[in-house]
Amino acid sequence: MQRTTRRGAQPVSRLRAIRGAVQVAADTPELIAKGTVEMVSQVIASNDLHHTDLISIFFTVTPDLTSELPPLAVQEAGWVQIPMLCAAELHSQRMIPRVIRMLAHVHWRKQRSEPSNVYLPGTTPARPV
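For what it's worth, the numbering used here labels the leading residue of the sequence shown as 24, then goes sequentially.
No lab work stands behind these hints: they were computed from the structure.
Where a beta carbon is used, it is the ideal one built from N, C-alpha and C, also for glycine.
Errors might be hidden in some of the hints.
Simulated restraints, written as ranges between beta carbons of each label pair [to be verified]:
(1) Val35 <-> Asp87: 35 to 45 Å
(2) Val35 <-> Thr89: 37 to 47 Å
(3) Thr75 <-> Gln134: 16 to 26 Å
(4) Lys133 <-> Thr89: 36 to 46 Å
(5) Ser64 <-> Leu108: 18 to 28 Å
(6) Pro52 <-> Val103: 10 to 20 Å
Using the sequences and the accompanying hints, generate a full structural model.
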């Protein structure tokens with residue numbers, strides 16, 4: 024998807040998806056909220072984004088995380104205008120415990136680069152990169 028603009032207006036943006044993941048130490052509302060906000064903040068910072076560049080965020084959590092919903096943590100941090108959704112991942116033998124993953128859809132205005140996915144310590148990509 025591409026947005027066109029007139030000459031002199033904001034740069035043309037493209038729709039891009041950015042992945043992120045964080046592992047929390049325990050299933051507590053505080054640790055889930057802290058880890059979620061840290062992960063979203065890292066995705067924004069490492070990709071030089073502004074919160075208005077975010078179109079939507081889809082979160083997943085491993086089945087062992089039940090005490091807090093990541094979208095609520097992000098909303099409580101002040102990002103209330105971003106549509107968000109959360110789902111539980113399937114239990115699998117390959118599953119890393121206590122992991123929150125995100126897929127953010129963003130307006131990408133950089134012409135010569137691609138977004139960087141963010142995998143905080145304790146996590147790996149859910150699929151090959």
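Do the hints match the structure? See the list:
1. Val35 <-> Asp87: 35 to 45 Å: Cβ of valine 35 to Cβ of aspartate 87: about 43 Å, so the range 35 to 45 Å holds.
2. Val35 <-> Thr89: 37 to 47 Å: This hint holds: roughly 42 Å between Cβ atoms.
3. Thr75 <-> Gln134: 16 to 26 Å: holds (19 Å)
4. Lys133 <-> Thr89: 36 to 46 Å: holds (38 Å)
5. Ser64 <-> Leu108: 18 to 28 Å: Since the Cβ atoms of serine 64 and leucine 108 sit about 19 Å apart, the hinted range of 18 to 28 Å holds.
6. Pro52 <-> Val103: 10 to 20 Å: holds (18 Å)
The structure agrees with every numbered hint stated previously.
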